Amino acid sequence: METKEEKPLITGLEKFSTSDIIVVSLFGAVGIIVGIVGNIFHSLSGLSVIGPFILHTLIPGIVVFACVTTVKKPGSAILYSLIASGIAMPLMGVPIFIPFYLVQGLLIDGMMIMLKNRFWTWWGTTLAGIVYGVAGIFMLYYFVMAAQGIQFPFWVFCVSLPVNIACAIPASLIGRRIGTRAAGALIK
Amino acid sequence: MLFEYQEQGTIIHRLDPRTKTIWLAVVLVISILLRDPVLLVTLFCISLMPLLLIRIPRHTLIVLGILYLMVAAGAILSQALFYRPSNGSLLTFVWLVPPDVPVMGALTGGILISVEGALYGFIQVFRILAVINTSAMLVLSTPLNRLIVGLREMGMPGTMAFMLTTAVRFVPVLMEEYQTILSALRARNIVSLWHPVRMAEQSLSPLIINVIRRCNQLALAAESRAFDLDKPRTAVTTLAFNRADTGCFLLMGVIVLFFAIGSARSAGFLA
Chain A
1 METKEEKPLI TGLEKFSTSD IIVVSLFGAV GIIVGIVGNI FHSLSGLSVI GPFILHTLIP
61 GIVVFACVTT VKKPGSAILY SLIASGIAMP LMGVPIFIPF YLVQGLLIDG MMIMLKNRFW
121 TWWGTTLAGI VYGVAGIFML YYFVMAAQGI QFPFWVFCVS LPVNIACAIP ASLIGRRIGT
181 RAAGALIK
Chain R
1 MLFEYQEQGT IIHRLDPRTK TIWLAVVLVI SILLRDPVLL VTLFCISLMP LLLIRIPRHT
61 LIVLGILYLM VAAGAILSQA LFYRPSNGSL LTFVWLVPPD VPVMGALTGG ILISVEGALY
121 GFIQVFRILA VINTSAMLVL STPLNRLIVG LREMGMPGTM AFMLTTAVRF VPVLMEEYQT
181 ILSALRARNI VSLWHPVRMA EQSLSPLIIN VIRRCNQLAL AAESRAFDLD KPRTAVTTLA
241 FNRADTGCFL LMGVIVLFFA IGSARSAGFL A
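One line per chain: the protein sequences are A and R, in this order.
Last residue of the first sequence: 188 (our numbering), numbering continuous.
Last residue of the second sequence: 271 (our numbering), numbering continuous.
Isolated chain R (complex conformation):
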């Protein structure tokens, strides 16, 4: 897994998973709505704070750094190539395919690489990274069982919670199985990246048949424990909001207000 729960005793770890899930939703919505570059950088900085508070291990920091670089490279490069300002023209650019080139030029209207596009891409990186920071904070500081109980408390049906738990429980098992299948294919020299369709079928077929074998056993086990019973169920893990959660909700309110006023000002609605 890219991000896995890390047990630590920080204040972020002690927060209710519902608070962190709501914070993720808030950051996601704000990041989509914001247009002002300064506000985007501010959102990135705010989203970074809880992540820094959870004392991330070194190897996770390295993974996060690589992810930052990949996202930044992808966004900057793609926008350098494809960004076109809605009002105004590009000032610093180099034509890769001029518009007068037959077929490609006529089809695309010309392909160019521009400094303005790269700058625009660089600003958009903060929007994506703010969500990555918050997502990583949630996953690194919340055990999955508490997260699922939190989602259930927020109204998710029990069956759905069971499905999520089962899926997550079997990810490492299936990953190991998939590795074994790939090793067996490699040993028979039938793994070829030149035939992705054939390779996908040859590797996924045995995996899915194994999955079905497991399904048969699990269904029997679930039925024998009265899974279909129409009665409310209880959970071992219980959740309760504490003072820190209340503080977080107040802080979230202030942050939302700050970005609402900031956006209104940058759009010219407020003097």
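Here chain A stands alone, though its shape is the one from the complex:
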């Protein structure tokens, strides 16, 4: 009698080793903490103009760049974003922020594929940091706030953009430095 072999589901996660999956999960746990704290202080800051830079860009940026530098595989940023935002944002009552994080993760992965090994140079990471900063502020004003019916004039976006980039660049470089140390400590 012939038995039919059940085909395993192809999800794209196969290229990640067990170690990678656990690294991303635990970085995701750090991302959940950072996301919750960021949202509390963002709400406290009242105006979205002054709140988000440090709490939505600098600290989460360090964690996401440390995670991708440790794992060094395309897809790790989107996985991290999915875990961190998928839990932290509904816990904070703002699931509308999930696409905000997903787009940032997607762009970091895209940069990793585009720049290949150059992504790990300081200028490659800086470039990814700039893209991360631009995507964050764009999604905040033109997706998250717009979907909630909150309007901002274009000049607010223009003023916020350089501030956000100025936070995203150190975030990416610090994240890279921490990630390099972390990768050295990881048993592969």
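Each hint should be verified, as a subset may be incorrect.
What the hints assert, rightly or not - Below, a sample of chain R positions facing chain A; criterion: calculated Cβ distance under 10 Å:
#1 Glu4
#2 Leu28
#3 Ile32
#4 Arg35
#5 Gly74
#6 Gly109
#7 Gln124
#8 Ile128
#9 Ser135
#10 Val139
#11 Leu151
#12 Arg169
#13 Tyr178
#14 Pro196
#15 Ile208
#16 Glu223
Unchecked claim - Some chain R residues flagged as far from chain A (calculated, every beta-carbon gap over 12 Å):
#17 Gln8
#18 Leu91
#19 Phe93
#20 Asp100
#21 Ala184
#22 Ala235
#23 Phe241
#24 Arg243
#25 Ala244
#26 Asp245
#27 Val254
#28 Leu257
#29 Ala267
#30 Gly268
#31 Phe269
Think of the hints as simulated: they come from the structure by calculation, not from any bench.
Here the structure is a predicted model, which is why all the values come from computation and not from measurement.
A virtual CB, placed ideally from N, CA and C, is assigned to each residue, including glycine.
For chain A, the structure is supplied; the task is to place chain R on it using the hints.
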């Protein structure tokens, strides 16, 4: 955590997590699509009902109240400052920076605070609060393991479910570790809010290195339990829809229809 699962025996607690997740998605989509203020207030009231049914403890109610106030203050203040009607002009306003002020006035076209903007912000608050209510209802009435099993039943890959569970399991541990790191930094007097970049690096570095130590141990434990095996896995927790879930789906259908007709009427498509 802001909202944590509270064990109670209410009808909402007994619902399948998939029903509640779908309800969250429905409210999220409706809240984004609605434009009519009356319908937004109605959505807020509807979203409040399941939340009231789960018998929220007093401290959670206080947290929820503070969150309501923060969201309301943020939205009203920001819209009082930045709202500009697409058709028509503002009637009641005070200039903070008139347009004829050099540089700032020319750059911004003038900054004003308006009553119409504050009112617009007040209406938008109901859109945000409807999603907060539904989200809080889901989190307060569903244990996380059941929620993850529900997501898995809805098509989430097993590895992803494992990652979510691991992340959630380690949040309290890492929070405690982060507190210890911050206390150690404070004891050495190197915590300064004036240097957020340096502080972020000094506090996150040891946390991430500790995370990596944990990763090594966990990876070994997972490998020894054949984590990479390409076979379907079973779960201890099993889910099944009951009559209450069927009733909820019918109610959801009625609510969606109500808002669709209401929106069509307010847009002038229906007499």
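Evaluation of the provided hints:
Because the smallest distance between the Cβ of Glu4 of chain R and any Cβ of chain A comes to about 9 Å, under 10 Å, the interface hint for this residue holds. This hint holds: Leu28 of chain R has a C-beta 6 Å from the nearest C-beta of chain A, less than the 10 Å allowed. Restraint check, Ile32 of chain R versus chain A: the minimum CB separation of about 5 Å is within 10 Å; hint holds. With 10 Å as the threshold, the beta carbon of Arg35 of chain R comes within range of chain A, its nearest partner Cβ sitting at about 8 Å, so the hint holds.
The beta carbon of Gly74 of chain R comes within 5 Å of a beta carbon in chain A, closer than 10 Å, and the hint placing it at the interface holds. Interface hint at Gly109 of chain R: satisfied, since its Cβ lies 7 Å from the closest Cβ of chain A, which is below the 10 Å cut-off. Taking 10 Å as the C-beta contact cut-off toward chain A, the hint placing Gln124 of chain R at the interface holds, the least distance being around 4 Å. Because the closest C-beta pair between Ile128 of chain R and chain A is about 5 Å apart, less than 10 Å, the hint holds.
Contact between Ser135 of chain R and chain A, as hinted, is supported at the beta carbon level, the nearest pair being about 4 Å apart and thus within 10 Å. At its closest, the beta carbon of Val139 of chain R sits 6 Å from a beta carbon of chain A; the interface hint therefore holds under the 10 Å criterion. Taken as an interface hint, Leu151 of chain R checks out: its beta carbon lies about 9 Å from the nearest beta carbon of chain A, inside 10 Å. Contact between Arg169 of chain R and chain A, as hinted, is supported at the beta carbon level, the nearest pair being about 8 Å apart and thus within 10 Å.
Satisfaction of the interface hint for Tyr178 of chain R is found here, the shortest Cβ-Cβ separation to chain A being roughly 7 Å, below the 10 Å cut-off. With a least beta-carbon distance of about 5 Å to chain A, the hint placing Pro196 of chain R at the interface is held under the 10 Å criterion. Annotation: Ile208 of chain R was flagged as interfacial toward chain A, and the flag holds, the nearest CB pair being 5 Å apart, inside 10 Å. A cut of 10 Å between beta carbons decides the hint on Glu223 of chain R: the least distance to chain A is about 5 Å, and the hint holds.
The Cβ of Gln8 of chain R sits about 19 Å from the closest Cβ of chain A, beyond the 12 Å cut-off, so the non-interface label holds. For Leu91 of chain R, the requirement that its beta carbon stay farther than 12 Å from each beta carbon of chain A is met, with the minimum near 18 Å. Distance check on Phe93 of chain R: its Cβ is at least 14 Å (rounded) from any Cβ of chain A, clearing the 12 Å threshold; non-interface status holds. Under the 12 Å C-beta cut-off, the non-interface status given to Asp100 of chain R relative to chain A holds; the minimum distance is some 16 Å.
The beta carbon of Ala184 of chain R sits about 17 Å from the closest Cβ of chain A, which is more than 12 Å, so the claim that it is off the interface holds. At roughly 16 Å, the least C-beta separation between Ala235 of chain R and chain A is larger than 12 Å, which holds for a residue marked as non-interface. Taking the minimum C-beta to C-beta distance to chain A, about 22 Å, the non-interface status of Phe241 of chain R holds against the 12 Å cut. Once the 12 Å rule is applied to beta carbons, Arg243 of chain R is consistent with being away from chain A; the minimum gap is 27 Å.
Non-interface call for Ala244 of chain R relative to chain A: holds, since the shortest CB-CB distance, roughly 22 Å, exceeds 12 Å. Residue-level check passed: Asp245 of chain R sits 20 Å from the nearest beta carbon of chain A, beyond 12 Å. No beta-carbon of chain A is positioned within 12 Å of the beta-carbon of Val254 of chain R; the least distance is around 23 Å. With a closest Cβ-Cβ approach of about 23 Å to chain A, Leu257 of chain R is found to remain outside the 12 Å limit, as its non-interface label requires.
Here Ala267 of chain R stays apart from chain A, with its beta-carbon at least about 16 Å from theirs, past the 12 Å limit. The beta carbon of Gly268 of chain R sits about 20 Å from the closest Cβ of chain A, which is more than 12 Å, so the claim that it is off the interface holds. With 12 Å as the threshold on Cβ separation, the claim that Phe269 of chain R sits away from chain A holds: the shortest Cβ distance comes to roughly 21 Å.
Hint compliance for this structure: no hint is broken.
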